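Engineer: Protein chains in written order, with the numbering used here: chain P, -4 to 483; chain R, 15 to 323.
The set of hints was computed from the structure by calculation and includes no laboratory data.
Here the structure is a predicted model, which means the values were calculated and not measured.
Where a beta carbon is used, it is the ideal one built from N, C-alpha and C, also for glycine.
All the pointers check out, no bait thrown in.
Label pairs and their in silico Cβ distance ranges:
hint	chain 1	residue 1	chain 2	residue 2	range
1	P	Asp454	R	Glu146	57 to 67 Å
2	P	Arg98	R	Arg46	22 to 32 Å
3	R	Gly171	P	Arg151	52 to 62 Å
4	P	Pro(-1)	R	Gly171	31 to 41 Å
5	R	Lys308	P	Phe407	48 to 58 Å
6	R	Gln87	P	Thr1	38 to 48 Å
7	R	Tyr319	P	Lys429	52 to 62 Å
Non-contacting residues of chain R with respect to chain P, defined by C-beta distances greater than 10 Å in every case (computed):
hint	residue
8	Pro24
9	His93
10	Ser94
11	His122
12	Gly155
13	Ala232
14	Glu289
15	Val307
16	Phe320
17	Asp323
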Amino acid sequence: MARPDTRLDFNTDWQYAPAPEATDHVRIDPQYELFIGGEFVAPRARQYFDTVNPAREKTLARVARADAADVDRAVAAARHAYARTWSKLKPAERGKYLYRIARTLQERAREFAAIESLDGGKPIRESRDVDIPLAAAHFFYYAGWADKLGYAFPGRRAAALGVAGQIIPWNFPLLMAAWKIAPALACGNTVVLKPAETTPLTALKLAELMRDIDLPAGVVNIVTGAGETGAAIVEHPDIDKIAFTGSTEVGRLIQRKLAGTGKHYTLELGGKAANVIFADAAIDQAVEGIVNGIFFNQGHVCCAGSRLLVQESVADEVIGKLKERMETLIVGDPLDKNTDIGAINSAAQLEKIEEYLRIGQSEGDMHQSSVRVPETGYWCRPTLFTGVSQSSRVVKEEIFGPVLAIQTFRTFQEALDKANNTPYGLSGGIWTDKGAKIFKMTRGVRAGVVWANTFNKFDPTAPFGGYKESGMGREGGLHGLSAYVELH
Amino acid sequence: MNTAVRHLPPQLPALDRVPRVDQVGVEERVARFCTRSIKKDSKVQALKLALSMIDLTTLEGQDTVGKVTQLCQKAMHLHSALPDLPHVAAVCVYPTMVGVARRALRGHDDIKVASVATAFPSGMAPLSIKLEETRLAVEEGADEVDMVISRGAFLQGEYQRVFDEIIAVKEACGQAHLKVILETGELGTLDRVRRASVLAMHAGADFIKTSTGKIQPAATLPVTLVMLQAIRDYYHATGRKVGMKPAGGISKAKLAIQYLVMLRETLGAGWLTPEWFRFGASTLANDLLMQLVKQQTGVYQSGDYFSKD
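Throw the hints in and build the complete structure from the sequences for me.
Structural biologist: Put into structure tokens, the structure is as follows:
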């Protein structure tokens, strides 16, 4: 489409001023213990691990590693709190605590945002504008339901399940904690939550917040650690419900362990969403949607639009504009307000992404933006693959990085077939000027959420969850409540 | 080969194939431009760049020889207290004032004289009168002509007429640069803004311009983004650069800098010069100057320290 001699030059003499978020207001302790029964306690085995700033490859803090005995303590504390206090509390009182959490989170938003970016590598613009405000919004939303459960399930009585074991991922650490804790508490359950081992800090700051607002001891317990800690939660006999967000691989393992135990569970797993661009779409805005779909949070998003399906007649135009747009994405210091794309969350994740870049190059053509990335830290340039097909691994498998696989289609039916031809079904996107096409597509795509002419929009009132290997159960909205109650 | 291309008469492009525009998406993109960090050296550089892109404008029924002469003085002497200031790009006046401006700017050939024409601002006049007015402005010494399109005709779907008018005015301009004012505030939708931009560029516009300044809303960031994207696509398709001029309603330095951010991230280095980007404004210059002084001294001076001509 574009003439070869008309390349735009975005390396202008005029540059933006660096604007790093100050960190002098942030307190990170050198060492964090487990939050059990309302206080911070050392792990029995005195084992600790480091949590690292992925943009600097520097250790931020030492964090306790909980073993099965620690998890047992935490579950006992949660059970005790459930039986003695939380289930006895008037629902409106539970709501007050949730409102208090929400308000305090807003008050401390700046510190939470900075720590989220330090520990996880995501740009401050996102942690400040998306992660933290949405986390607070979830607490506000479910606070409102606490004393209205009778209206949520008319004609039926909603009873709490008891102790919920919750295991969350590293891509949206605080937000995932909020998604899990808020509905659980609103419904009268108590919680043992394990944050991801690469991003435990905001959950631990949340524990401090819970203590500061005088949440009754044991209602929320936070145990840190890696896979073994999670396994101890899943296998604990006194837990009534498991809520997990993470990889499909681990989800399968959990489901196998839970089979026959009678425990309730919800799983929010991987995705490989199709973002479908029709020829009649508003192309320039669709390109923005593609960028937002795959490069938001470095592509560490389970509902990322990682498969682009573009109608053949506009494929060259869309890909050309996308490549041009990629040149203007700023990759670098997560704390800088100008940064569009931050650091890859961990060395292990970067290795996994790079492995896929190698695989993708044998399957199709790779294009990366020419942006310069810092020398230390874990970085991946915005990347796209063309010339790949449904049989390519970069099309089939979840990469969880800023890597887009592009395919073309000719007809509506072909687009729909390709969109559904995946073991996943978490999200999808459609871009067209025709309303009828939107409805036809959203009815046909087997995915929990489908965005039309936009992407990655979240709201506490909207249920979120997957079809097929993307999980079971829904979080958010009214649906999110039913995952934490038994109806009589 | 090139001459053969030049002699082909311009053809009205297929406007139904112009990309559609989604307003919500445009507004989201614009919001992102407004969060870039511009301060210290980066800000000084932006302020000076914005100053150099101004078409200093007076377009009033009450314009007099005295008023236009004062405006030209201002164009030549922005603020003597600050050394190393660029000068504005042009002064913009009515055709009858072109000669006055030309004489007042004698010795300053680097400041252009722009004239509105074609029955500005409504455009409600027969083509023959529009052409006559254009020729008069050019004869008086206008380097640039800012014409208005016939919005009524455009809204009636008479695209060919609008297209032919621009071609005719372009011809009447001779060597003078032609800026085509779309008056986006009267077009109603961003889809129409995009189509009108494509139409104007194919008809030979050297610049496309948002507004006359007489209709609200005048220039906005979303409208300008849509026009910049149209310019970008036209450049990729034809290899010809077209300039952009948002006009009306840009009176603050902060907003002007947001326009520059948008320009930088949409068209890049090639357009970040007064040759390809202009602000149509009357009071913007003083706010830019005030901010420049603030950058130098750390405090804001009273408005009384900046000449109002």
